[in-house]
Amino acid sequence: MADLTKLELYEHVGADQAEAEHISRPQLSYAKDVARRFFSNKVAMFSVVVLAILVIMAIVGPMVCQYNYQSTDVGAVSQKLAEGGREALGPDSEHWFGIDTLGRDLWARVWVGTRYSLIIGFVAAVVQAIIGILVGCVSGYFGGMVDVIIMRAVDILDSIPYLIYVIIIMMIFGSGLFPIMAALTLTGWLSMARMVRSQILTLKNEDYVLAARNLDTKPIRIMLKHLIPNCMGIIIVSLSMAIPNAIFSEAYLSFLGIGLSAPLTSLGQLISTGIQEMQNYPYQLIIPSIVISLLMLSLQLIGDGLRDAVDPKLRK
Amino acid sequence: MAKYIVKRLIISVLTILVLCTVVFFAIKFIPGDPFSGPEYTEQMRQQLHELYGYDKPVWQQYLSYMGNLLHGDLGISVYYRGRAVVDIIAGAFPQSLDLGLRALITATVVGIGLGILAALNRKKPLDYISIIIAIIGISIPSFVVASLLQYVLAIVFPIFPVARYTSFAHTILPTIALALPTIARFSRFMRTSMLEVIDSDFVKTARSKGLKKRQIIFSHEVRNSLLPLLSILGPTTASLLMGSFVVESIFAIPGLGNYFVESINTQDYSLIMGLTIFYGVFLVTINFVIDILYGVVDPRIRLGGNKNG
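For the record, the sequence lines run as chains A and B.
Counting the first sequence from 1 gives a position; the numbering used here is that position plus 39.
Counting the second sequence from 1 gives a position; the numbering used here is that position plus 64.
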């Protein structure tokens, strides 16, 4: 081994000021960082692809097939039954997913059902997020009596299972697209409000909020410019969890017979019909079940991926 | 402690009061008259309205309903003419409770076990298997699981009876269907909570003291990871109840859930109202008990006051 104490082995390089200040890697904003973590998550990306296929099928599926999702053809059913027995109703080259006992094309019905399930899920989740953010913000920012009253009300509303409310609301307003979204929205904002509030409670003591307040900024501006953008992470995560929940609840209500009513259809409704026909026509149960399971799985995994991306500390 | 219990008690009673009021007025708002069919003559209609008290002003009906509620009287069913709602509930609740308890016990044992195994074998095949089970359990709706189980294991391969609830063999499929989402929830939660404990300092201390592995796992890790599980017991009970609606109706189990679905379809207002209030009171009571238990085992909760308020 060479003698490392010899001075001629070393060379003085000095400090280059410009070099030291140079940022060698690209700068990442918080959003870019989250996106990078999310895109490198293989499971989540695979789920995005599955979800994208389902969304495209929900839009395009009913169009590429020559049958309407609601027109019945009882004559064809009895003819097929007479010719080929029960199997004749099942999937074939003409009806890709088969037809139901009223002669409606199941391919069209499944994708129209997916479409309505998606619409209900997204709209209900977004609206309940907006209400939740508003209430959570007001409650967390103003504190005091306002906070106590709002949070007690949330506590009380929350301790009753929300499906009981939804069932009652659906019974009053009848079944349809609008009542079901209203019912899911009315009860779904509670957890969002709670989460936003607890986040605001920690954020409102930050120095930049204090600075804004000292500059006499209006509360509404502080909320919009400082508080909500800093809650965006948890908001997106819980939004991504709220969508499958809403789809789930709608399917559940349709199963109980108070979701969407004919001629509209949803995955839950198709499954509940499928269960009644399961002994004779199992495909009527299996096909919509697979679609809803894929939908729920991909949404759930995307939600998990987002949560890990927004807060890597939660990942275990 | 006494202050904490009183505070919780007031909130619970208030919740029950709000619940009953909301349910009562909501159901009064439902348009339509259960006695408007062609089979009723005008005179019958009037007599039935008198019998059910529908001829009085709504606030009077409300007061008398709440008064009767205090005596444990929920009125008479509209569909099952002449049967008291309380009797229907008393007749059907045991089956639901039986199924619910079976599912809860199964879910606790399997879910917690799976969670512990997953945490101990972190990033190994067993961990991935438990994650997959958890994700499937959470994302596939219970009515899909229930009907597929029924189709595959009772109709295609007749291993189990298709429906009803009379022997042990009858209970297996409904219990699995009902327990699966809870197994998923428990195993996920247990895994996270266990991983947190495994990384904590007192476990390191135990390990460096040279304690046996088994001793560390059971008396340090598992014990301390079980505590947070109490906090999801309330929502779990609620989701078991909701799941029981569909599971009971798929397997034709004569329990409360089946009556609930049926009362919606037959527009039996007094039964819906009675069942909703019963469920609500049941859940609020369970949440109250869990809150108290939580306060007993974790003094931070009651001494620190309510973390939300």
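There may be inaccurate statements among the hints.
[What the hints assert, rightly or not] Stretch-level coverage of chain B by chain A, calculated; a stretch enters the list once three of its residues show a Cβ under 8 angstroms from a Cβ in chain A:
| no. | stretch |
| --- | --- |
| 1 | 167-178 |
| 2 | 333-347 |
[As the list claims (entries may be wrong)] Interface residues of chain B toward chain A, partial, derived using beta-carbon atoms under 7 angstroms:
| no. | residue |
| --- | --- |
| 3 | L81 |
| 4 | V82 |
| 5 | T85 |
| 6 | S203 |
Simulated from the structure, these hints should not be mistaken for laboratory data.
Note that the structure is predicted; figures quoted are calculated from it, not measured.
Idealized CB from N, CA, C, for every residue including glycine.
(message) Need the list of violated hint numbers for this structure, in ascending order.
(response) The structure conflicts with hints 1, 3 and 5, although it agrees with all the remaining ones.
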